[in-house]
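A.B. asks: Chain by chain, the residues:
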Amino acid sequence: MDIIDILLSASFWTAAIRIASPLIFAVLGELICERAGVLNLGIEGIMVAGAFAGWMAVYSGTDLWTGVAVAFAVGMLFGLVHSTLTVPFGLSQHVVGLGVTLLATSLTYFAYRLFLPEVTSPPKIEAFQPFEIPLLSDIPIIGPALFNQTPLTYLAFISVGVVAYILYRTPLGLALRAAGENPAAVAAQGLSVTAIRMGAVIAGSGLMAVGGAFLTMSAFDSFFFEMVNGRGWICIALVVFGAWRPGKALLGAILFAAFDALQIRVQQTPMGADIPYQIFLMMPYILSILALIVMSRRAEVPAALMVPFNKGER
Amino acid sequence: MRLEPIANPSALRTLAPPALAISATVIVASLLAMAAGANPFAVLGEILKGAAGSQFALLETLNRATPLIFTGLAVAVAFRAKLWNIGAEAQLYAGALVTVVLGTGALGWPSAALIPTLIIASLLAGALLLLVPALLKVRLGVDEVVTTLLLNFIFLLFVSMLLEGPLKDPMGMGWPKSPRLIEEARLPRIIEGLRLHWGFGIALIAAVLVWVIQARTTLGYEMRAVGLSRDAARFAGIPVGLVLIKTALLSGGLAALAGFSEVAGLKGALTLDLSPGFGYTGIIVAMLALLNPLGVIAAALFVAGIFVGADSMSRALDVPTYLADIMLAKALLLMVLAILLTRFRVVRE
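Heads up: the protein sequence lines correspond to chains A and B, in order. The letter at position 251 of the first sequence is residue 250 when you use numbering that gives the first Met the number 0, and the numbering goes up by one with no holes. The letter at position 252 of the second sequence is residue 251 when you use numbering that gives the first Met the number 0, and the numbering goes up by one with no holes.
The shape of chain B in the complex, shown without the other chains (with noise of 0.2 angstroms):
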C-alpha cells in the first residue's frame, strides 16, 4: 500500500475519520466495560454524568483541566517546532517547587506583587529546566526525548529528597509534604462562593497569549517553519538553534504554570502526588488539539472531563478507573491516524 495526498478533501473525508476514530475509542471502552461486568451505557453514562452532570461536577472538570491546559500547550509550542518535549512532568514540580519555596513565607509581600513575582519565577524555573536539554541537543546533538524523560525522574527525586528534608512542614506529623503557602500567595477564586480558582483563568490566557505568539509573531512563523522542514529553514536564513531554544524556554515556563496554578489555586502546598501525569496527559491534550493553542483548552476540558467522570464511574459501577488512561490512549493512536487518513488516501498497488 501506499499514501497519495489528497488534493481538496471533501468534507465527509474530512469529517468521517475522526468520527469513526471517537467512536472506536468508545466501542473499545464498552468492551472493556463489560469485561469488568458492568453495563457500557451505565458506564458511558455516568461517566458524562461525573464530568458534567451537576455544577459541582462541572467545576471539578474545569479544575482538573487546568493544569492540563498548561501542559498541553507547553506540549504544542514545543511539538509544534518538533521539539520533543517529553518533560512536562519534571518542568511542572519545577514550578511548584519555586512556588513553595517562595510562597511560604520567604516574601511576605502582598498578593498583587507576591502572585505575579510568584509566576515568573515558575516560568523561569521550568523553563531553565528545559533549557538543559534544548542546549544538549542544540550544541551536542543529544537526543532530547530520552534526555526529558530521564530528567522527570531525576527531578522527582530531586523534589522527594527536598520534601524529606530542608522543604519539610514541620507541622506534616512526618509526611514528606512542604509547609502551607502564606495567605497571600493564593490564588482567589474567580467567583466567590464557587470552587474554581484564578489558575483557570491565567490558563485561558496562556491559550491565547500562545496563539498571538504563534500565529502573528515573527517567533511564531519562525517555530513553524523550523517544525516544517529544519533544513529549509535553515536555508532561509532561520537561526534553527536559537528558534529551539526560545521555543524550549517557552514550553518549559508554560509546563511550570501547571504546578504553580496546582499549588497556588488548589493544593497549598507541595507533594509528591501533586501531579497523576499531568505533563504526559499534556502530550495527549496537545495531540487532539491538533498542537492548536485554543484547540488545547477544548482538548483539556475533553481530557479532563473524561477523567473526572471515570472516577466517579469507578465508584459508582467498581470498573477500574485506569479505563479513563486506555480511553485517551487509544483516542491518542486513533486520532493521529484519522488525521493522517483526512489528508491521505491509501492506494493498493
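Isolated chain A (complex conformation) (with noise of 0.2 angstroms):
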C-alpha cells in the first residue's frame, strides 16, 4: 500500500518536522498569550510581519540569528500595541486582534513594495542549513527527521522545553497562569494583572513572528505575499487542540504537519492525481475544525480568558 510505504520513509518525517516547526513557535506563543487570559489574534499578521522582518534584515546584511533576534522585536512590537489595547484598556480581543493582523499585514505589505519597489520575483537569502547532529542522526526514520534540521527546528523544540518548564516550574510561571485563571487572586498577592499579561502577550507575539521568519529563513528562502497562509489561525485551533498545554500543542503540531506532509505526497500518487487539487489543500484547515470539534468537549478553558481585569471593579 503506498501511504505505508510514504509513513515509513524518512523523507515524509523529515518534511513533518520541517513543517511543523513554524507552527510550534507560533502555538507556543499563542498559549502564553491565552494561559495569561488573552487571545492574541493578531498571531496571522504577526507572523506576517516576523516572516518579513527576519528575511529583510538578512537581505540587507545581518547574519541569520540577527534576523531571528529583528523578528522577535517586531512581533514584540505588535504584542506591546495588542496589549496595550486589550489589558490596561480592556478593549474587545477579538476586534483588537483582527485589527493588529491587518496593521501588521499591511505595514509589511506596504515596506516590502517600499523596500523593493521593482522586483517581479523576490530577492533570495541564504536560508539555515540543516546541521546534522552526529550519532543521533543515524538511527533510522526519526533520526534524520529529528537530528538532521536546521537549526531553527532545534529551537523551536527547546522552545517547548522552557516554555514548559517556565509555565510549571517558576513563580513568574504560576503567576502567568493565576492571571489567566484568576486574576482577582493575582492581585490580592500584590502582583500585577497587568503587567503580567502585557508581559505574556508581548513574548508570545515575539514568538509569533519567529514562527513567521522560520519560513522565510529556513522553510524557503524568501518572502511572498500570502505566504502564512492561515497558519496562524490554524495555531489558535492548535491550541484548544493541545488543551493549552506546551506538550500537547508540540504533539498537536506534529500530528498536523504529519497530515499535511502526507497530502502533498498522496496528491503526487497515481490516485491522488484524479482528485482536484484543491481538495487537498482544503485538508489543514478541514482538519483543524474536526480538531476543534472533538475537543471541545473537554477544553480546560483558561477561566478568565477573554475577561479583562479592571482592579477598581468588584
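Be aware that a few hints might be false.
Chain A residues, not near chain B, derived (Cβ > 12 angstroms throughout) [to be verified]:
| id | residue |
| --- | --- |
| 1 | S91 |
| 2 | A103 |
| 3 | A110 |
| 4 | T119 |
| 5 | P121 |
| 6 | E125 |
| 7 | S136 |
| 8 | I138 |
| 9 | A174 |
| 10 | A183 |
| 11 | G229 |
| 12 | I235 |
| 13 | T268 |
| 14 | M270 |
| 15 | L291 |
Just so you have them, the derived chain B footprint on chain A, three or more residues with Cβ under 8 angstroms [as the list claims (entries may be wrong)]:
| id | stretch |
| --- | --- |
| 16 | 81-88 |
| 17 | 92-102 |
| 18 | 280-290 |
No wet-lab data here; the hints were simulated from the structure. Cβ atoms here follow ideal geometry from the backbone N, Cα and C, with glycine treated the same way.
Make the complex out of the two chains shown on their own, each in a separate frame, by following the hints.
C.D. replies: Written out as C-alpha cells, the structure is:
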C-alpha cells in the first residue's frame, strides 16, 4: 500500500517536522498569551510581519541569528500594541486582534513595496541549512527527521521545553497561569495582573513572529505575499487541540504537520492525481475544524480567557 | 491605572477622542508617505481627489462602498449579539456562487422573476454557510472565530475547484472564470448613463431594514440583550441559542448579498479575485460605524473612498496602495480606543 510506504520513509517525517516547526513557535506564542488570559488574534499578521522582518534583515546584510532577533523584536512591538489596548484598556480582544493582524499585514506589504519597488520575483537569501547531529541522525527514520534539521527547528523544540519549564516550575509561570485563571487572586498577592498579561502577550507575539521568520529563513529563502496563508489561525485551533499545554500542543503540531506532509505526497500518487488539488489544500483547514470539534467537549479553557481585569471593579 | 466610568460625559469628552484618533491616523499616513518619498499633503490631496474629485471618482467610490455596506451590515449584526462572524469573505463567495450557478442560463426567466430569485438564493447560501459554525458554537461550544476564519480558506478553495471544473467558462481561454450571467440576471443601472448599479440601492434598503429589525422588533431587542450579557439574557428567559442562530442566518445572508451584487451589478461573472477582502474590511466598516446599521452606510463610503482614493494616489505618486490598508487598520484600533475614552476616565493609582 502506498500510504504505508510513505509513512515509513525518512523523508516524509523530515518534511513533517519541517512543516511543524513554524507552527510550534506560533502555537507556543499563542499558548502563552491565552494562558495569561488574552486571546491574540494578531497572530496571523504578526507571523507575516516576522516572516518579512527576519528575511529583510538578512537580505540587508545581517547574519541569520540577528534576523531571528529582529523578527522577535518586531513581534514584540505588535504584542505591545495588542496588549496595551486589550489589557489596561480592556478593549475587545477579538476586534483588537483582528485590527493588529490587518495593521501588521498591511505595514508589511507597504514596507515590501517600499524596499523592493521594482522586483517581480522576490530576492533570495542564504537560509539556514540543515545541521546533522552526529550519531543521533543515524537512527533509522526518526534520526534524519529529528536530528538533521536546521538550527531553527532545534530551537523550536528547545522552546517547548523552556516554555513548559517556565509555566509549571517557576513562580513567574505560576503567576502567569493564575492571571489567566483567577486574576483577582494574583492582584491580592500584590502582583500586577496588567504587567503579567502584557508581558505574556509581548513575549508570545515575539515567538509568533519567529514562527513566521522560519518560513522565510529556513523552510524557504524568500518572502511571498500570502505565504503565511492561515497558519496563524490554524495555530489558534492547535492551542485548543493541545488543551493549553505545551507538550500536547507540540504533539498536535507534529500530528497536523504529518497529515499535511501526507496530503502533499498522496497528491503525487496516481490515485491523488484524479482528485482536484484544491481538495488536498483544504485538508489542513478541515482537519483543524474537526480537531476543534473533537476537543471542545473536554476543553480546559483558562477561566479568565478574554475577561478583562479592572482592579477597581469588584 | 484603572478605568472609571463617566456618568455625564461633556461634549468635549465625546468629541475629542475620536477627533484625536482621526488626526493620529492622518499623521501616521503622512509619515509613511514621507518614508515613501512623497509629499504628505500631495498624498492626502490625491486621495481626496481620487475618492470624490470628479463624478467618475464619486461613482467609483459608491460602487466600491456597495459590497462593504453588505459585509459591514453582516458584521455589525453579528457583533451586536457577540457572535464573532469573521467569515463574511466566504459568505460573500457563497452568494456569488449561487448567483452564477442560477444566473448563467439555468433559469431562463425574465428579470422581474430572476433577480428576486437570485437575491433569495444568495441570502440562503450565505445563511447556510454561517449556520454550520453557529450550530457548532451553540450545540458543542466550538469557538466560531476559528471556524469562520478557517471556512474562508476552505470555501475559497472550493470556489477555485468549481471554477477550474464544472463552472469553468468554455469560452474563457483557460482562465478560471465562470460563464457570464444572462442579461436578465444583471442588475440595471440606477440612472441610465451613470455607472452605478442597483446593488447600491439594495444595500441602502438592506441597511434600513436591518436598522428596523434592530431598533423596532423583538428579535432586535433579543440580539442586543444576548450581546450585552448571555447569562442575563438567559435569566430573562431569552432563548440565547436560538437568537444566536437567527443572528447567524441574518448575518450570513447579508454578507452573501455582497457577492450577488458584485457579480450581478458589476462584474457579470465569478472569478477568484471577485473580492479583495471585502469580508475582512467589513469588520472595519462595522466597528467604525459603532455597529449601527445606518452608520454602516457612512463608514462604508468613508472606507471605500480611502481605497479608491489610494488607488489613484498610488498611480499618481508611486506610493504603495497598501497605505490605505494601514490607515484603516490604524483607524480601527484608535477608534475603539477613542470610543472607550469617551465613556471612561483613566485614573492613575
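A.B. asks: Could you check that no beta carbon of chain B comes within 12 angstroms of the beta carbon of E125/A?
C.D. replies: Nearest chain B Cβ is 27 angstroms from E125/A, so the label holds.
A.B. asks: Would the non-interface assignment of A110/A survive a Cβ cutoff of 12 angstroms against chain B?
C.D. replies: With a cut-off of 12 angstroms, A110/A comes too close to chain B, as the shortest Cβ separation is near 9 angstroms.
A.B. asks: So A183/A supposedly isn't at the interface. Is its beta-carbon more than 12 angstroms from every beta-carbon in chain B?
C.D. replies: holds (14 angstroms)
A.B. asks: Taking the shortest Cβ-to-Cβ distance between P121/A and chain B, state whether it exceeds 12 angstroms.
C.D. replies: holds (15 angstroms)
A.B. asks: Taking the closest pair, is the beta carbon of T268/A still more than 12 angstroms from chain B?
C.D. replies: holds (19 angstroms)
A.B. asks: Closer than 8 angstroms Cβ to Cβ for three or more residues is the test here. Does the stretch 280-290 of chain A pass it with chain B?
C.D. replies: With 6 residues in contact (Cβ-Cβ under 8 angstroms with chain B), the coverage given for the stretch 280-290 of chain A holds.
A.B. asks: Mind verifying the non-interface call on I138/A? Its CB should be farther than 12 angstroms from each CB in chain B.
C.D. replies: Non-interface label on I138/A holds, nearest chain B Cβ at 36 angstroms vs cutoff 12 angstroms.
A.B. asks: Beyond 12 angstroms from chain B, beta-carbon-wise, is S91/A?
C.D. replies: violated (7 angstroms)
A.B. asks: The output says S136/A does not contact chain B. Does that hold with a beta carbon cutoff of 12 angstroms?
C.D. replies: Label holds. Min Cβ-Cβ 35 angstroms, cutoff 12 angstroms.
A.B. asks: Verify the coverage statement for the stretch 92-102 of chain A against chain B, using a C-beta to C-beta distance below 8 angstroms and requiring 3 or more qualifying residues.
C.D. replies: holds (count 8)
A.B. asks: Are all C-beta atoms of chain B more than 12 angstroms from that of A103/A?
C.D. replies: violated (8 angstroms)
A.B. asks: Is the nearest Cβ of chain B still more than 12 angstroms from the Cβ of L291/A?
C.D. replies: violated (5 angstroms)
Violation of the numbered hints given earlier is confined to hints 1, 2, 3, 11, 12, 15; the remaining hints are satisfied by the structure.
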